[in-house]
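Novice: Each chain, written out:
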Amino acid sequence: MSDSSYRLVRGLLLAFLGLWLLLTLFPFYWQIITALKDAAETNRTIPTFWPEVWHPENFKLVFAERSNLQALIDSFVIATGNTLASLVLGTLAGYAFARFPRQAGGENLAFWILSNRMFPPVAVLVPMFFLFDATPWGTDSHLSLIILYLVFNMPLATWLMMVFFRDAPRELEEAAYLDGYTPIKAFFKVTLPLVLPGMISVAMLCWIFAWNEYLFANLFVGTAVKTFTIVIPTFTHGSQTLWNLQMAFSLIAMLPPLVLFIVLRRYMVRGLSLGVVKG
Amino acid sequence: MGELRVEGLCKGWDFPVLDRLDFTVAEGEFFVVVGPSGIGKTTLLRLIAGLERPDAGRVLVGGRDITGLPPYRRNVAMTFESYALYPHLSVFENIASPLRARKIARAEIGAAVRQAAAMLRIDELLERRPGEISGGQKQRTALARTLVARPEVYLLDEPISHLDARIRHELRQQFHGLEELRRVATLYVTHDYAEALSLADRIGVMGAGGLVQVGAARDIFERPASLFVAQHLGQPSINVVEAELHQTGGDGAVHWAATGAAGAAGGKGLTLPVADAHRAALSNLGTATVMLGIRPQFVSVLGNAESAAARTGDGSCTDVAARDGRGTAGGGLPVIDATVELYEPLGATGVLIADAGGVPLTATTDPDRTFHYGERVKLRLRPETVLYFDARSGANLVD
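Residue numbers (numbering that gives the first Met the number 0), protein chains in the order written: chain A, 0 to 278; chain B, 0 to 398.
It is worth saying that the hints were derived from the structure and are not from the lab.
Treat the hints loosely; a few may be bogus.
To be verified - From the derived model, a few chain B residues whose C-beta atoms are all more than 12 Å from chain A:
hint: 1; residue: ARG45
hint: 2; residue: ARG72
hint: 3; residue: HIS87
hint: 4; residue: GLU92
hint: 5; residue: SER96
hint: 6; residue: ARG165
hint: 7; residue: VAL211
hint: 8; residue: LEU301
hint: 9; residue: LEU345
As the list claims (entries may be wrong) - Subject to a maximum C-alpha distance of 20 Å in a straight line, what follows is the list of computed SDA-like cross-link-like pairs (lysine to any residue):
hint: 10; chain 1: A; residue 1: LYS184; chain 2: B; residue 2: LYS102
hint: 11; chain 1: A; residue 1: LYS184; chain 2: B; residue 2: GLU92
hint: 12; chain 1: A; residue 1: LYS184; chain 2: B; residue 2: ASP191
hint: 13; chain 1: B; residue 1: LYS102; chain 2: A; residue 2: ALA95
hint: 14; chain 1: B; residue 1: LYS102; chain 2: B; residue 2: GLY62
hint: 15; chain 1: A; residue 1: LYS184; chain 2: B; residue 2: LEU88
hint: 16; chain 1: B; residue 1: LYS102; chain 2: A; residue 2: PHE187
hint: 17; chain 1: A; residue 1: LYS184; chain 2: A; residue 2: ALA95
hint: 18; chain 1: A; residue 1: LYS184; chain 2: B; residue 2: PRO86
Claimed, not checked - Which stretches of chain B does chain A cover? Using the computed rule of at least three CB atoms under 8 Å from a CB of chain A, they are:
hint: 19; region: 76-83
hint: 20; region: 357-371
Note that the coordinates shown come from a computational prediction; the quantities given were computed from them, not determined experimentally.
Each residue gets a CB set at the ideal place from its N, CA and C atoms; glycine is no exception.
Start from the sequences and build out the full structure, keeping to the hints where you can.
Specialist: Written out as structure tokens, the structure reads:
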């Protein structure tokens, strides 16, 4: 390829990437500037691309209603509780599928668990509601969503942990047995540390799913317990939507997963390089 | 402490791997099991370690039956072919692992680990991770981990086979110097016969189903029980020639003629007399097909002066039988003509492959000689070193 045509291809590529970047970052930009406008400016027929008057106090205003902070706390409790449960169950099941495939029901059972994630959730929305309504804690509670989200997160955790355990050499466990460790001690001394980066990645995926879930939360909770996802649409004044407060609140709700990702990013990268044990 | 005894051990999956295996490793003995890859050597170790359940049979250590015990209660230490070092722990913690399992005092662990590391010369590496040290160092770490455990039995699975030649030699010397291994029974498996010959008090050669011959290194090398054993030990591999035995004359003399050679180009064969020592065992077989084993070390290539002195008649092979039933050329030993096919100068020795009347023969030579393709050479065989095996069963017919 000649030098000039190489430069042309490179230029086109960069132009495409620039366009793509613009496309993906625009909503985020719109969210930020909307959060900083006043309500009147957000409703103009010809929108402004830069706030005429800055209203950073919008971020404080969303907490004027005490229940909004409580919604973030409720979401946090549900996401964290569900993540812990998914991890414990998924790790145990994944280990069993990886190490004792025959005794644990084999590929078929493992695939059946994964297939639970594949049906459209809306299909079971109503039956699930009646099921949980019959429990002592009802639908409008932290526990109901913590358990319900297991339907989605546990298959994911099980399947991913199974892959991580398969990559962790069995010989290391056997070496630990010969060192004098019982199978349970060997698991904690050798195998668990090896899959820990993978576990952290799984925890992040589970947590973010539970944090962002709207469909089931909207139907299940709303009185005693509220998640932030069902609070966001309630920022209205009469028939008018308060876009600025809605955007400010959603920006705040974006922070926890963002912080989580930044803090745990290096473990995620290590999780991907798992399996390089012998080298 | 005590001996390791294996009684009637059986293990198989879709096919039998070990079939009624019996052997004993005495206290303080270094027993090496040598055999080709995939023959069940590792399975044997895993059965003794308790990582696999035998289908039948017992494993006893010092007279105590440990067949039903889980691995962590057997007090048996094993090195793995892949080393199986814990990648997330330092070299120190790897070595300390068996001691931590027994909840031994911190100071005592430190002392034991440092002592083992110093002995194996890895004491500089204790803070590193297994990913940051070389293959030889990993192997020594794995060995140190088994040594600090002070078990009743050592099981070593190809511990040095995957290292490069120089480190392998160094580690082989270290094995000789390890007092700890002289205290208890050690079972070492390898596919490398040189390791076996170098290290073993006794060698067991493993074939399909189990041990086909057990004995001292010299014994197995010189008097292999079967063709399989002879083929497995020795570098370069033993020459195997299919031949027919013939009685000649009334004096009971026997000679053999290589099959296929006689019909080869020129109609010349490869025919040599049987040594007096072997004659008694072979003469009652009559005309029989046998497999001959001729070690390359016992095929010598004559120098120019010797070649000139050797009278080999006008055929390309010395047809001894046609003369007086004795190969008497070149110092009273049979000499045969051959054509060079391949020569590999390997530094310490040379390996020559030559065609002797249609039969390829491998010989080791002095390292300072050179040969070229197609060159004619004279080979001298020593009939008393030839091994005779049954053509079908492969059993040694003489010993």
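Novice: Look at each hint and say if it fits the structure.
Specialist: Hints, verified against the model:
no.	hint	verdict
1	ARG45	violated (8 Å)
2	ARG72	violated (8 Å)
3	HIS87	violated (5 Å)
4	GLU92	violated (10 Å)
5	SER96	violated (5 Å)
6	ARG165	holds (21 Å)
7	VAL211	holds (28 Å)
8	LEU301	holds (50 Å)
9	LEU345	holds (31 Å)
10	A:LYS184 x B:LYS102	holds (13 Å)
11	A:LYS184 x B:GLU92	holds (15 Å)
12	A:LYS184 x B:ASP191	violated (36 Å)
13	B:LYS102 x A:ALA95	violated (28 Å)
14	B:LYS102 x B:GLY62	violated (27 Å)
15	A:LYS184 x B:LEU88	holds (15 Å)
16	B:LYS102 x A:PHE187	holds (16 Å)
17	A:LYS184 x A:ALA95	holds (16 Å)
18	A:LYS184 x B:PRO86	holds (17 Å)
19	76-83	holds (count 6)
20	357-371	violated (count 0)
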